[in-house]
Amino acid sequence: MGGPAQTAGPVTSWREAAGVAAQPEPEDGAAWTTDHTRSNWLWVADLTRWDRALDIQGGGVPATAWGRHFGFVHHLELASAGLDFARVPSGEAETANIAVARASPGALPYRDEAFDCVIWEGALQQWGTTTRRSDLTAVLGRVFGECRRVLRPGGCLYVSIAVAAWPGRPVGAGRLAAGLSRVLGRVAGAVRRGEARSPVSDGAHRTDRLSLRRALRRLLTQAGFSRVQAFYIDPSYHHPWGIIPARRGAVLVYERRQSARVGLRWWLAWLGLHPLLYGSHMFLAYTREPEAPPAPRRVQRRG
Amino acid sequence: MNPKLRQLLAACSVEGDLVRPIRWSEALILQNYGAIPPAVGKHGFYVWNRGFNLLLLGRRGEPRYFCKCRPAADQNLGRETAVLRALNRVPRLGESQWAASMRDILTVARRVSTRAAALLPDFLAGPGPVVLHEVAAPCLTELASAGLGEDQLRALDAAIRRAGTLPRLLQHGDLWPANILWHQGSWRLLDFESFGRVQVPLYDVHHFVRTCGSLRRPRSEATGGWLDRLASRDREAALCRETIRREAGELGLNAAQALGVLLYYLVDITAQFRLRGVPRSFWGPLALEVQRAADTLNASARVEEVLLGWP
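The listed protein sequences correspond, in order, to chains A and B.
FYI, in this note's numbering the residues of the first sequence are 1 to 303.
FYI, in this note's numbering the residues of the second sequence are 1 to 311.
Don't read these hints as lab results, they were simulated from the structure.
Here the structure is a predicted model, which is why all the values come from computation and not from measurement.
Glycine included, C-beta positions come from ideal geometry on N, C-alpha and C.
Hints may contain errors.
[To be verified] Distance ranges between label pairs, derived from CB positions:
1. B:GLU62 to A:ARG218: 53 to 59 Å
2. A:ALA138 to B:LYS68: 40 to 46 Å
3. B:PRO129 to A:GLY249: 41 to 47 Å
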């Protein structure tokens, strides 16, 4: 996608700017299995350096997918889980630019400011839906803090999360909307596209979706991230057909594109209940940019 | 947004508005079929698209640009680009057809302006005529702050003062080919957002003739300014001058007034762009036109003849 050298200098034409080389197509049909649309979120991330990335194991794509974009990728297997090399296919694990380690994401075994990007796809999946929300909140707070620590200034944390992984009832303002959304949610379930084919959304409490975005934004901010951007992924992060900024206007535009008819989905979006519509959320959280070095002080001569 | 994508969008920005920073909330990824860059190079023409589409929203959330993002070597995109380029080429009108179209459109615009004054009397800033140097004064002040020289300002002010007063006429304000449609056998004007802001007759004519000339010869903008082209000896320049003279005659304006409005038009549009805070790349060429006009005024006593062909 882009290293630092590719972002410098004026662009003379889009073809020059877009000049990228790909490997020739293999004859065994493997082209379709190695093409991960899940990496295209990188086109909306404001990343200026592409040297080192940390890939925390979730329900995400193999680390090799990220190895094509970053100079070096550290793939972190969870300490509680068995080392699952099925995710890092044999022959690709520990390749030239991918290293595999095992540790808890709550205590990352890396020095401060070591990475340009931390990728946590399918966050919370390993804890299941039976864990209490307060426990998950504590886990998330700890992991986000660690991610913040290992990111360099100006670095980016990517988190994708299935709504179904977020348990409990809505809190705060979500409670106000819950009554309305409970009614609308039942009807919305009947029309929500792709839910049936999206395993991550099965069994999700729709009202819970209203609180997820606010809760994660708060946790990321508390962890010290200076900018947090929230997106919806339609239908899920497994199949990111659409990535939509979590803003009412953008959702309305997206829904209008999906169907020319003003239906229930559109009205839910119009009412501000758009979290009900999508199975996955995506967050991009940035650490504060490095401050410009202070201007040299003028030394006043005496006398 | 990804810095490289920002570069790409800026490189293919048609109107220069993609050069500005694009907010994260203004970009939607749609129809995400394949990774870019692709893991492998795929050959042949596929019936499905690869890569993804990007929908960019405007500042008010309206869909503004639809971008097909494909691998650089994508054959489908190259094919589509070639077709669109060929189909979007403006049909080449003969000189006489071109001049006749300009005349017809300006006649419609004049009729609209005249009728609007009767239908929308509240739009008129006052009952009396327009004192040209008074409406031009704030624009000249703005250009002075942009660095226009003292002698140039003086020359412009003097030429505008010579125009004296003009009958008040509501102007479209952005009369250019993109705001005009041929529909069911007649010309239709669009985009009345700025209608009536300017009430100086012949303002629309200068704007329309300048933009028509630029669109007809897009490459000529790189080699010289509008005033240079207007003063040139080629046939199209003569048609432009003739169009302006005829419209001035229809409006009852003399040579000094037609020239005064041309100068006012240039200083106004430059100042407006600058006040809107658009990048210098937008208003810089117009500021050069203003300087050229002032230099011509300082160098020649027969500017009406040089620029407008007025004997």
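Comparing the hints with the structure gives:
no.	hint	result
1	B:GLU62 to A:ARG218: 53 to 59 Å	31 Å, violated
2	A:ALA138 to B:LYS68: 40 to 46 Å	44 Å, holds
3	B:PRO129 to A:GLY249: 41 to 47 Å	46 Å, holds
Consistency note: the structure conflicts with earlier hint 1 alone.
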